[in-house]
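Undergrad: As given, the protein sequences belong to chains A and B, one line each in that order.
Sequential numbering of the first sequence, starting at 1, is according to UniProt numbering.
Sequential numbering of the second sequence, starting at 1, is according to UniProt numbering.
Please keep in mind that the hints were generated in silico from the structure rather than gathered at the bench.
Heads up, a few of these hints could be off.
Chain B stretches covered by chain A per the calculated footprint, using a threshold of three residues with CB under 8 angstroms from any CB of chain A [to be verified]: (1) 64-71; (2) 411-418; (3) 448-462.
Here are some, though not all, of the chain A residues that point toward chain B, as calculated from beta-carbon distances under 8 angstroms [stated by the list, open to error]: (4) N44; (5) H226; (6) S227; (7) N283; (8) C289; (9) V316; (10) V417; (11) F459; (12) K460; (13) V476.
Note that beta-carbon positions come from the ideal geometry of N, C-alpha and C, so glycine has one too.
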Amino acid sequence: MEAMKETVDQSLREMRDTFASGRTRSVKWRKTQLEAIIEMVKDNEDKMCDVLFQDLGKHSTEAFRDELGFVMRSATTALNSLDKWVVPRKSNLPLLFYPATGKVISEPYGTVLVLSSWNFPISLSLDPMIGAISAGNTVLLKASELSPNASALLAKTIPSYLDNKAIKVIEGGPDVATILLQHQWDKIFFTGSPRIGKIIMAAAAEHLTPVTLELGGKCPTIIDHHSVSKDMKSVVKRISGGKWGSCSGQACISVDYVLVEQSFASSLIEMFKPVIKSFFGENPKESGCVARIVTKKHFQRLSRLLNDPRVQASIVYGGSMDEEKLYVEPTILLNPPLDSEIMNEEIFGPVLPIITLRDIQESIGFIKSKPKPLAIYAFTKDEKLKTRILSETSSGSVTFNDVMIQYMCDALPFGGVGESGMGRYHGKYSFECFSHEKAIMEGSLAMDLEARYPPWNNFKLTFIRLAFREAYFKLVLLMLGLKR
Amino acid sequence: MEEVVDQSLREMRDTFASGRTRSVKWRKTQLEAIIEMVKDNEDKMCDVLFQDLGKHSTEAFRDELGFVMRSATTALNCLDKWVVPKKSNLPLLFYPSTGKVISEPYGTVLVLSSWNFPISLSLDPLIGAISAGNTVLLKASELSPNASAFLAKTIPSYLDSKAIKVIEGGPDVATILLKHQWDKIFFTGSPRIGKIIMAAAAEHLTPVTLELGGKCPTIVDHHSVSKDMKSVVKRISGGKWGSCSGQACISVDYVLVEKSFASSLIEMLKPMIRSFFGENPKESGCLSRIVNKKHFQRLARLLNDPGVQASIVYGGSMDEEKLYIEPTILLDPPLDSEIMNEEIFGPILPIITLRDIQESIGFIKSKPKPLAIYAFTKDENLKTRILSETSSGSVTFNDVMIQYMCDALPFGGVGESGIGRYHGKYSFECFSHEKAIMEGSLAMDLEARYPPWNSFKLTFLRLAFREAYFKLVLFMLGLKK
């Protein structure tokens, strides 16, 4: 541990010196790093797919779609937009301040800490780094020890592509994180669970470090079967993709559970079954397209959720588990008890509860009874229901008639609210996430208003009154002595 | 007190859940009521500000009452624009999906204000919270008890008391409040308390905006502003002594100037102080007093350091009974003295001399990031160095404090001077959660989105990510492998 502390101290010192040197401020430097990230991913696609398969059993296409392609696109966006993002923004000052001018410039926070999660260990490491770098910061990345092969690959490969006096990688688990959090950072970016998020924020409070926390929650999926009956096949396909098509449901924006009217539940279940089979064949375990559960600990957590007798009783499809292979079959539950664990924590696994309601309008109240999730999904064409969802619920985002795709769209901010997180990133929001926006005012010494200074008198008070009201004409009259 | 807090929170949450505060009409009504409240009670407000801080009514108007009315008016006039959803341009690949970002209120927010501008630092965040559609609980500072009592008594008769509440009290009440879960906390005060607030907020993952303090340095590059030195001195004097006796987060804390100009500077400050406050500032009525005995004793302790005493070149007299400290100038107090290592928050102005004004950059960087940096200079190179080599909430050239009045500019700190920002539209954003909305379309379904995976789908995804639409089309038509 002492050696680790020494490493951290040294790394921090070096990053701070590098930042102080001004090197990372140059747009050229930032672009060089972004290009290097793209190159690194291109050069190492196979190795990256390997480690993602080793850590999570991800198919290389899933790995490309969710991580590698995503990262390259994110870096490309930053590369193409950086010149625009760094331009100061002019502020329009009221006439009263003439000829003073104002603007806002984005400056890097300094030395930032990125703590990433195990489920998308490449993209959740590199995407925040892309933001930090485009904003001109130095960065220390700690990837998750629960995805050790990905973490090791990043630790080994990043130094040979990126400026290693500015961008560093450290490996390790909670003990390393604890050491890191004892230090003062200029910004901390964390992806993970709400429980750890609280610990991160409390540690950040010691140093008044701003944080962005990308957390989780139970992302509900409303099916208003009345209004989307015509497209139900697509609906079911998308929901299936949102539960089983990305890391076996182990994603912060996975479909967690479905809300549907009682009358449609069995039809819905009967539609899921063939879709699951079309995705994964008769034996999903051998399909190569189902990611595995990340560790034994998480497997045991999921089996505990499923082994609740009342939950067991609600299984209508799947349910088989293989601890040795860390495999949980795509599983559907129909109305597990609402007080069961599985309905009160983020599932983060390939188990889909279907909760039935008498009337789909009740879905609003149901969602509101739970912590604010990262995303709400709703399949409906009923404009009234949409409006109710938007105005009566709160979540990081809402997506109608699709799932998860908001993540891919970097014109939209990605972040949570309440227990699902604070702050946001993606696209330009990543740049802003890692920037301090500094207000700059250029005053003018040309003119001095006596009314600004003591001793106070009625003239000055009247002047100030009129100035606040921007009653310029009256102000002029006052100054000319034509107004009292 | 616990019972009162529980009850208040419950009522505010019910009110928020009812949806009443979301209506733009409701928000505007509240904003109009704030303006009316200030207009109706100008004299009373000036009274309490005089009682709590000895503020002259003109200072009170300029820094608090007028400021609040203007802020509320801005919000009133801009609200319709601020609430409009922002359309996001989605890439062609997502067609015909559309995206937008809407601002929604966080919910029930807590505003903790400071004692130095107890009216404006309470009402201005309130204005932001209300324009964003939240319910709000305000706790003003017990160190400005008359202002706090006034707000507690008056706000309920103007504003929707089921949505906007005021509670009085000190740290014990704050502790109770912080045990609860809020949807947002807005705090103005010292970094030390800011840390406590943020740690408490962490328990509930509550986002915070912390408007803290710092030592706001003022660089005087006498070479390039010699022609306008009188204005420079006037502005610095206003920035130290003209607003709450230096007890403001954006007060000029200390001056950096080249040694060769120091005595001239001091000789210019002296008559300026006299022109502001006369021969006997204590009797001028234009100099605020120190807020309480505890703060007075803090300042006395800073001044009584022998090394600091020896550096007094003007003023220095103190009257504990009247909580009065004379406008005081120090010349090169020891850099390791307390007064040079904590925010002064009082009418004492250290002048620190340097051999070369370029050294001011390194000096500033050796201290925590302040809320504001002021620099009187026309040297573009120096300006560039200041902007790129130092960090602060804001930088103002050739003036002081006026950035605060300008609500087109975000107001907030960085590092120890704070987290988040407000004023103008930034206040609306400060109290809003920006929610991303995506409207997908069920019309088209891309097979490449779903397992089972194969090289066709992989190639499709590759081309899609690169937005190589033409190739994508060729690919789908089978004309490309």
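Undergrad: Run every hint past the structure and note whether it holds.
TA: Now the hints, each set against the structure:
{"no.": "1", "hint": "64-71", "in the structure": "holds (count 4)"}
{"no.": "2", "hint": "411-418", "in the structure": "holds (count 5)"}
{"no.": "3", "hint": "448-462", "in the structure": "holds (count 10)"}
{"no.": "4", "hint": "N44", "in the structure": "16 angstroms, violated"}
{"no.": "5", "hint": "H226", "in the structure": "14 angstroms, violated"}
{"no.": "6", "hint": "S227", "in the structure": "10 angstroms, violated"}
{"no.": "7", "hint": "N283", "in the structure": "12 angstroms, violated"}
{"no.": "8", "hint": "C289", "in the structure": "4 angstroms, holds"}
{"no.": "9", "hint": "V316", "in the structure": "21 angstroms, violated"}
{"no.": "10", "hint": "V417", "in the structure": "5 angstroms, holds"}
{"no.": "11", "hint": "F459", "in the structure": "10 angstroms, violated"}
{"no.": "12", "hint": "K460", "in the structure": "6 angstroms, holds"}
{"no.": "13", "hint": "V476", "in the structure": "19 angstroms, violated"}
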